[in-house]
Amino acid sequence: MWENIIGYFSDLEERPLERLAILVGGMLFFWILEGAIPLLPLRFRKNKWRHAMVNFGLTIIHLIIHTFLALIIIAISDRCAAHRFGVVYWTGAGIAATILLTTLICDFFGGWLVHMIEHKIPFLWRFHVIHHADTNVDVTTGLRHHPVESVLRGVFMFMGVALSGAPMYAVMIYQTILVFFTAFEHANIRLPQPIDHALSFLFVSPNMHKVHHHWKQPYTDSNYGAIFSIWDRLLGTFMKLAPSQLRYGIDRDFPEPKDEDFLTLLREPFLKKKSL
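Using the working numbering, the letters of the sequence shown map in sequence onto residues 2 to 277.
Calculated from the structure, these hints are not laboratory results. Ideal Cβ positions, reconstructed from N, Cα and C, are used throughout, including at glycine. Any given hint could turn out to be false.
[What the hints assert, rightly or not] Restricting the straight-line Cα-Cα distance to at most 16 Å, the calculated cross-link-like pairs of lysine to aspartate or glutamate (EDC-like) are:
id : residue 1 : residue 2
1  : 49        : 262
2  : 259       : 197
3  : 121       : 222
[Unchecked claim] Here are the in silico distance ranges between beta carbons for each label pair:
id : residue 1 : residue 2 : range
4  : 244       : 11        : 21 to 31 Å
5  : 57        : 97        : 26 to 36 Å
6  : 84        : 195       : 44 to 54 Å
7  : 8         : 178       : 15 to 25 Å
8  : 48        : 101       : 38 to 48 Å
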């Protein structure tokens, strides 16, 4: 079993169309589920398709950028292997432990830490606010990132891969899990409250992440996790808010009528003159 898993994921970064198919397939699954068990009634500026196309356009740019960044990740992974550098080598981890350690470490650096920093440094917030400017959070919101933010997240992934010493199969397994959770936690789906609550003790659940998309602080500056909720719980950034109280968007820094204007989303961070 492990040989098949390693064989499939070892060179998955070299098959961008297959990676895109995994991402689109996951989004379509949750897109359909949103219609069956919606969490909130969304009010799109024009319609759901227009909203999706804007976000999907940013997703395509994100994937193109990360296809090139994958070359650096491969180089880091190969160098770690050559020098036996990283947690997976220092601990003598087997395959299962290597996948777990890679997922934990990369999730901290490429999920929680970079996300928290984007909220705390005004210049970086200019780019991250594009994600928060979406007033209708659904599955397509998950990869609604400005290209500059995509590069920044790639840099923090470099840190995670370097510290963990992750082989490429473990990196690609982590990224595949991340794709699932990104779609899952942004999807406008209503899980039974006991299930959502139980999930949130270890993983980022849909209701937990929706708190992060509430329009006002301090809720906006909470629940930074991508896969695991443990970082927020351990580091004091975990917050709760009932879904009935949620209002999406942001109460500062972005012209709300332009939240579905593709060109505005790309150029707005560079036009900001004031301190955010």
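Taking the hints in turn, this is what the structure says about them:
no., hint, verdict
1, 49 to 262, "14 Å, holds"
2, 259 to 197, "33 Å, violated"
3, 121 to 222, "9 Å, holds"
4, 244 to 11: 21 to 31 Å, "40 Å, violated"
5, 57 to 97: 26 to 36 Å, "35 Å, holds"
6, 84 to 195: 44 to 54 Å, "48 Å, holds"
7, 8 to 178: 15 to 25 Å, "18 Å, holds"
8, 48 to 101: 38 to 48 Å, "42 Å, holds"
In terms of the numbered hints stated before, the structure departs from hints 2, 4, listed from lowest to highest.
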